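2 protein chains.
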Amino acid sequence: MASEPIPIVGGTGALGAGLATRWAQAGAPVVLGSRSAERAAEAAAKLREKVPGAQVEGLLNEEAARAAGIVFLTVPFRAQSENLNNLREALRPGQILVDCTVPLAAAVSGKATRSLGVWQGSAAQQAQEMVPEGVPVVAALHTIGAPTLADPDAKLDEDILVCGDRKADKARVARLIELIPGLRAVNAGSLEMARIVEQLTPMLISVNVRYKAHAGIRLTGLPEDDHWS
Amino acid sequence: MASEPIPIVGGTGALGAGLATRWAQAGAPVVLGSRSAERAAEAAAKLREKVPGAQVEGLLNEEAARAAGIVFLTVPFRAQSENLNNLREALRPGQILVDCTVPLAAAVSGKATRSLGVWQGSAAQQAQEMVPEGVPVVAALHTIGAPTLADPDAKLDEDILVCGDRKADKARVARLIELIPGLRAVNAGSLEMARIVEQLTPMLISVNVRYKAHAGIRLTGLPEDDHWS
Chain A
1 MASEPIPIVG GTGALGAGLA TRWAQAGAPV VLGSRSAERA AEAAAKLREK VPGAQVEGLL
61 NEEAARAAGI VFLTVPFRAQ SENLNNLREA LRPGQILVDC TVPLAAAVSG KATRSLGVWQ
121 GSAAQQAQEM VPEGVPVVAA LHTIGAPTLA DPDAKLDEDI LVCGDRKADK ARVARLIELI
181 PGLRAVNAGS LEMARIVEQL TPMLISVNVR YKAHAGIRLT GLPEDDHWS
Chain B
1001 MASEPIPIVG GTGALGAGLA TRWAQAGAPV VLGSRSAERA AEAAAKLREK VPGAQVEGLL
1061 NEEAARAAGI VFLTVPFRAQ SENLNNLREA LRPGQILVDC TVPLAAAVSG KATRSLGVWQ
1121 GSAAQQAQEM VPEGVPVVAA LHTIGAPTLA DPDAKLDEDI LVCGDRKADK ARVARLIELI
1181 PGLRAVNAGS LEMARIVEQL TPMLISVNVR YKAHAGIRLT GLPEDDHWS
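If you read the protein sequences in the order shown, they are chains A and B.
If you're matching positions, the first sequence starts at 1 in our numbering and goes up one per residue.
If you're matching positions, the second sequence starts at 1001 in our numbering and goes up one per residue.
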């Protein structure tokens, strides 16, 4: 697992680039996917500058998605369906797709403090409907702020709520999340719980505006031991 | 404010009794409301036993609701509408109603890890529609567990997300919440944000089952200073 790269579809966007920064800092190899091979290569070069020694490659999204068993999708909601359509030929049964999409009303020029209703219940459930048979979707990383991730000096101190229908899949994703210091992955339940977890983002955005802050979520009162093993 | 009691409509229920325990411990006078005067008196006697020196009175809900300017409604979703109907004659313009209702699917014999869609968007917005003109609704205290509150030895360590349309109203409610050691009141935005905050409870219930825990919510990354003043 340690040597398998982490492919990020939408890796040139704010969340994708932020995650890539942290994984690169942690010594994990990363593949940045983009719709444009040029932009992917540029983003990879930028990351190597930012994090000396970063193991990073820039590829087309579809190529990035073939690079490893766990693929992160970090595009805005507006682009989620299009990206999932494009990934249909790339994803193979047994891969896991980690959907980080938040259905902010901003996708249709509404407010970032409001959300859209997704027919399936959540963006993650929409993703589950669109991926090829045999590709489980895990939902995670909705509540972490891209600016905080992208600032290599900012200290992280928050939980990542992970939703999915199989604990084994969530555990594999949790291991990747917890490569990033300051993040703890919490098992937030089945994929349908993404209906709730995705909603935290507009609430946090409103808190951030009000407090001029970069707020994150922590769950208190959980046992200290590693529950993923 | 310090001498004005805290009326709790539904004060004999789990959440109401738990809050009453904590406020009594903090030296705040409490009025427990119930549909039955006998049960209200019994609950008050029980609280006096549990917290020696507790200033507590048991009254009918409608009488309790007249006891002070800020009234807490802590009944299950199933009983929310009925209680609000009964309070129509009791509440007066200028009072604040603090709605703590969570629309769990358990209200219709569904799961406590799922929620019901409320036409108005949230139970709190339903409450706002039902209270007399001039009574603002503030939504709070959805995510705190009744068992933790009721155990006087359990240490609290969590945030209470407070939603409402006027900051001044939320600040008054926040002062009462923060009488309880271990709780911090966070301004989570306008009343419509209750759509999101109420949803946290089914998610936490599912986490509690999975982790055999009493989880609470904390927002990290907020400034330390008191932002309510």
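Hints are computed from structural coordinates only; laboratory data are not their basis.
Since the structure is predicted, the reported quantities are computational estimates derived from the model, not experimental observations.
The C-beta atom is built at its ideal place from N, Cα and C for all residues, glycine as well.
Certain hints may be false.
Said to hold, decoys possible - If we take Cβ atoms under 10 Å as the criterion, some of the chain B residues that face chain A in the derived model are:
#1 Val1051
#2 Leu1060
#3 Glu1158
#4 Met1203
#5 Tyr1211
#6 Arg1218
When the hints from earlier in the document are held up against this structure, which numbers fail?
Result: hints 1, 2 break, sorted rising.
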